[in-house]
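Residue numbers (the working numbering), protein chains in the order written: chain A, 1 to 287; chain B, 1001 to 1339.
No lab work stands behind these hints: they were computed from the structure. Among the hints, erroneous ones may be present.
Taking beta-carbon pairs under 7 Å as the criterion, some of the chain A residues facing chain B (in silico) [said to hold, decoys possible]:
# : residue
1 : Asp91
2 : Phe95
3 : Leu101
4 : Met102
Virtual Cβ for every residue (Gly too), placed ideally from N, Cα, C.
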Amino acid sequence: MLTILFDGVAYGMLLFVLASGLSVTLGLMNFINLAHGVFAMVGGYVTALMMNRAGIPFLATLPAAFVVPAILGVALERTFYRRLYGARPLDQVLFTIGLVLMAMPIADFFLGDEPQQVNLPAWLSGSTTVYGVGISLYRLFIVTVCGVIAAALQIFLVKTRFGAQLRAAVDDARVADGLGINVDRIFAVAFAVGSGLAGLGGALAADVVGGIDPSFPVKFLVTFLIVVTIGGSNGILGALFGALLLGVLDVAGKYYVPSIGGFIIYGVMVVTLILRPQGLFARGDDR
Amino acid sequence: MSAAHGSKTTGRLEAHLHRRARWRWPETVFWLAVLATIIAIPSRVALTNEILVAGLFALSLDLILGLTGIVSLGQAAFLGLGAYAAAILASRGVADPTLGLVCGAAVAAVAGLATAPLLLRGSDLTRLMVTLGVSLLLGELANRNGWLTGGADGLNFSMGKVLGLFPIGFTGQRNAALYSFVVLFVLFAAARRLAQSPFGLALAAIRENRLRAGALGIATSGRIVAIYAVSAAYAGAAGALLAQTTQIVSLDLFDFHRSADVMLMLIIGGAGYLYGGLIGAALFIFLRDVISAATPEYWEFWIGALLIALVLMGRERIRAAAARATSLVAFRPARGDTA
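Extracted from the complex, chain B is given alone in its bound form (with noise of 0.2 Å):
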């Protein structure tokens, strides 16, 4: 009787995970529309291939932020890793995109999966602290080994054509917008996937309330250190196509102000749905394109005041218009389903 119940519930419990996990219509129109964006307006491409990459960039900051509800500044670590391995394989003539792509993401999953521990302890100071202090060092080391990383000139550097066939960089901004366009798609669908997966279910329980997510059983260390690996090599692979999209990388890419910067464009879009870190990489990134053509020097002002309006109308009531105004977009993992 209760076997029979119990199969009776899971199999409802079942049902409802695949009807959440389904695409909807409105997913494919803003899919759609950011190709079509490409393809429309070849005069802009190559900021909009930066708001794919910066889009990537906060997904992966969602990962841990807005499904984990683990505080990070030091996101830009594994950005700055991911760009230099990329950039260093090409120099050194393995100009395979395809391959920069995923040694990037791997080196920066290795880095995530080693300082992942570091996040167990403490409280959410901590953590940002120590997010910070390694993105920090890394910036440290990769000046002080300039003859790896070029030291403070940074690395320039020719890449090959994506699969062999199709040429990116200056002479093709429109296919490096569309590799990175591919990158991007095939990225997010895995991360929403492993949103619905009884994976992201257990993150959102640590997120809840991480104390009760482990007295229901949950391993709460082990998905922490999972969760994290896997933001670090989305941040790692974002990190390699900015750095083959634009043939150079820099020591600016470990700096605080890249960190900050993707919290403000997931915050901007929201926070815990996959689509925030896009649409607040968009506006973000048109925002500051906007602002600076009118005042170059003090855009970084009237983001600070969206900033502080934002917090103060209270992100959470922003969030739940936003929400109801939406629901036919935003498929809501997790939340709001206990309500």
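Just chain A, same shape as in the assembly (with noise of 0.2 Å):
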């Protein structure tokens, strides 16, 4: 029972990772970026690439996991993203959607459609039992690493100073222009700042979803969309929220029904945006 607990834990909190980023362009940017995928599969074949090319140890790929992304992430909000911020919902969707069908076939193209496998290292394969119950070292690492950025996030977005301006520049970027604030700089960050962790995902989710393929950014898509949604738009603890109630209702659905394991984490959003259109965890006010 426990381990199944800590199995959907730890699939909460890779899910937290992979969508935080979205929960920052989407959720406070309101930017509806269906793209987000992409950077994840990118930091997926950062390090599937990097260890069974090159040989480099698993943890030594993640930062270039993380970089990579963000560079691409940058890039492209430089290029096209930022024509769009003040876009019609249906452009945005119609721009990432776009993205996405080319980026599988690039993937495709270079790498080839079978999936990348990331072999994990022999300290975290295999499991270790603690209080009596089973738990797989490489879930107990995602939870580490997980919990130390989502902490790391929250504080950055409540105490540092860049976290101030962010709220700031996405509350009213017209006003928060006008006091000085660099809005387009603050937006560039933090937009690079999510596709990284994305990355960051896709590479130590790797193990967990079979290996990178190129139609990793639609298959995972949805699961994204719908974390953010139920996390609400605003901020980071209700993505992490919303990402733990997912991970842990998906996996135990799974296990003890799986007739109907498949139907939860639709029916959880159908019934959240029912019950509350802005999210479970949002802010009070109807923005």
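Put the two chains together into one complex; each comes in its own frame, and the hints tell you how they fit.
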């Protein structure tokens, strides 16, 4: 029982890191970014390729899995995304679907359509027993890393000057601009961090989801969106709780009631949207 | 005096609406050309049929997206429902296509009516997510109830003759295309009528500004629910046609890519004037056919590139240019009247 709970938490944490970037772009900046999974895919590929082709150890690839998608994110943000900040949702949807449609054949073309595996180092495979509960070491690793990231993000957003500037820029870009905040730069940095986190999440998730393949951006797109929708579009904590809730429900559901396991996340989402259209953990005001 | 003035205005309005509702000759040419394609190119008649069905599906999306301005990523839900309703009927021995078509549309309409209230709240994003979630839920439902739907294997079945006269299917692919053509034309004419009715004008008002439309005394919620049900029925009819003319249904009918593809078709053709879906479907499927003949794996890349180009160049500007160029061809419901 507790093992399942722990697996659920680990899955939820993973979802959180994957989706946290989306909760910044979509949740805070109100940009419907359906191409978020592309950055996760890039991160996963970076780790898989560095390990399989260059023999670099797993841990050492993780920074690259953050940096490469982050740079890609900034490049795309500067060239394309920024033009669409004020655009209508439909245009944003179309543009990002276009990106996804282009990214998948590109990945397929260069890397083939078979999944790229990430082989965990010996010290992360296997499991241990804590107070009689069997825990996979890799899950433990995920929970630790993701927990640290979540805490860091929350502190970053709430306590630092940059976080305050970001929140101001999101609430009202024009006023923030008038106060001397460089909104353009803030958004670019936020976008880079979001993309980087997605990449890191992709790298960490590669083992759990059975390898990274070109269909990754579409396969998990819906899950990302559900996390953000359920968490509500206001900041990190909502996304964290939403992700944990989903992770636990999904894992437990698939284990205990496999016949309806697949429904659970969609069901949770639809019910959430009916009851609280702004998300479970949204701020009180109806924005 | 004011009454006389009022009736005079009403009269002018009526005359204007009637004038706008008239069929123009380029429209006649368009439909005759489609019919000629079916008869003149028998070797590609299966492709033509696919285009006709996709066109009907895109038309269903145009009713809510183009006319009413509601963004949906879950139109596949109704396509799948209609297809499965028709397929299950046929596999249980009720092989009459017309009956299957009506059933498919009716089932989808009921589902549309049931889910429409979900659209009334929240932002565009909420609507995207709700529509997407409903289609994924239905797909999972079809997957789990294999006794009814055949699960991952899908269903195979044979169809009866249309009106008891014309066999459709592998032996009668041209009949199948003609059947799709007739259904598409009838439903298109109905949609065209609907777009120009007062109901259609109310939808246009909602699209332009829902708050102000409400202030004008339009019952916006009711209108949205109604048009969503109609749109669902159209998508269900498209699904039933698809199932009947290909005689196979599978779970991918509920997939996300179905909803995304149909949106692309509509956007390529231009939303809001009803012909856009048909033209977009033809272009999309033709492009796919040509590109995938050259690079079967990577045709999505070019569709993606086209989409990005469309957005960056500005759909509005393209539409405006196209409208100027083809102001003869396209009748234009509501938009432009106020200008």
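Comparing the hints with the structure gives:
| no. | hint | result |
| --- | --- | --- |
| 1 | Asp91 | 5 Å, holds |
| 2 | Phe95 | 4 Å, holds |
| 3 | Leu101 | 3 Å, holds |
| 4 | Met102 | 4 Å, holds |
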